[in-house]
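A.B. asks: Here are the chains, one letter per residue:
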Amino acid sequence: MSRNVLIVDDSATIRRMVRKTMDIAGLDYDQVYEASNGIEALAQLADHEVGVVVVDINMPTMNGVQLLQRMKQNSRLQDLPIVIASTEGSKQRIEQLVEYGACAYVRKPFQPEQLRDALMPILGVKENATAESGNTGDDFF
Amino acid sequence: MPQQRAATLATIFSDVLADLAFMFTDDAHEDPAADDPWLETSIGYRGKYNGDLHFRCTRSFTYLLAANLLGAEPGGEDAVNSADDAAKEFMNIVCGQLVTALHGSEDIFNLTIPEISTMTETPDLSLDDGDNVSTISAEGHRIQLIFQRGATDA
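In order, the protein sequence lines correspond to chains A and B. Just so we're aligned: 50 in our numbering is position 50 of the first sequence, and the numbers increase by one with no gaps anywhere. Just so we're aligned: 105 in our numbering is position 105 of the second sequence, and the numbers increase by one with no gaps anywhere.
Isolated chain A, as found in the complex (with noise of 0.2 Å):
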């Protein structure tokens, strides 16, 4: 399995703190991509291989309910893991995101032990990594 991260958000600053956030729990992964809207997204999916997608919703060009629809309809990226990282709090939308295929939900502002806890179980820990699991009631679903 690739552990190659994309971070789809249309903030720099959100996608940089996804990646501080990644480094301080120790995830395991190699890679680091970053889109800011789901057609740069497609673009990267197209161009690399990664093991995980981190998205956001509401984004301009192309939004994250749309790139998970797209991706669902393609069968070389519709397995693969998606968190979504959003500031949307709709029962229905997280539905809606379900059935596209997300299988973890942050809400913004989200702690940093919760997107760990969402990433870790997906790109497991490094070796000498101290992250300490925990579960801070965010979905998984």
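Since the hints were derived computationally from the structure, they do not count as laboratory data. Check each hint, because a few of them may be wrong.
Pair ranges (Cβ atoms, derived) [stated by the list, open to error]:
id: 1; chain 1: B; residue 1: Lys48; chain 2: A; residue 2: Gly124; range: 38 to 44 Å
id: 2; chain 1: B; residue 1: Asp26; chain 2: A; residue 2: Arg76; range: 51 to 57 Å
id: 3; chain 1: A; residue 1: Pro121; chain 2: B; residue 2: Arg46; range: 50 to 56 Å
id: 4; chain 1: A; residue 1: Glu127; chain 2: B; residue 2: Ala7; range: 22 to 28 Å
Just so you know, even glycine gets a beta-carbon here, dropped at the ideal spot from N, CA and C.
Fit chain B to the given chain A structure using the hints.
C.D. replies: The following block gives chain B in isolation, referenced to the frame of chain A:
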């Protein structure tokens, strides 16, 4: 209730500021420098109810916000270059939380893409009508929050 709206907005703003940037609202503030421009970051939500949110602060506050989000130096290149993005993303998060607080989590709401612009003049900071305008202080900086209800808003 209108008064709950302004209080809710201020509370959510304060909570997100603390959770995301480890910054805190307080009563103390300094008068903004004359050469410190005011910025307005705007975002809206659309759905069963509509609303628009405006966040007014000085440029120097956006540098501070970005620095805290990124763990960088407030006056450093990193914070300066990330300031606009930090303010927009901050309001994206505040808006999402506010929608849930005001309208619950049953309906789907779409947020607009946040926008930031420089204000042509200093806002009237005495304006705090307890209804849709709230003026607070954070880390010594004055901040004004405005909520505009849409025609279909409750």
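A.B. asks: Hint by hint, say whether it matches the structure.
C.D. replies: Hints versus structure:
| no. | hint | in the structure |
| --- | --- | --- |
| 1 | B:Lys48 to A:Gly124: 38 to 44 Å | 42 Å, holds |
| 2 | B:Asp26 to A:Arg76: 51 to 57 Å | 52 Å, holds |
| 3 | A:Pro121 to B:Arg46: 50 to 56 Å | 35 Å, violated |
| 4 | A:Glu127 to B:Ala7: 22 to 28 Å | 50 Å, violated |
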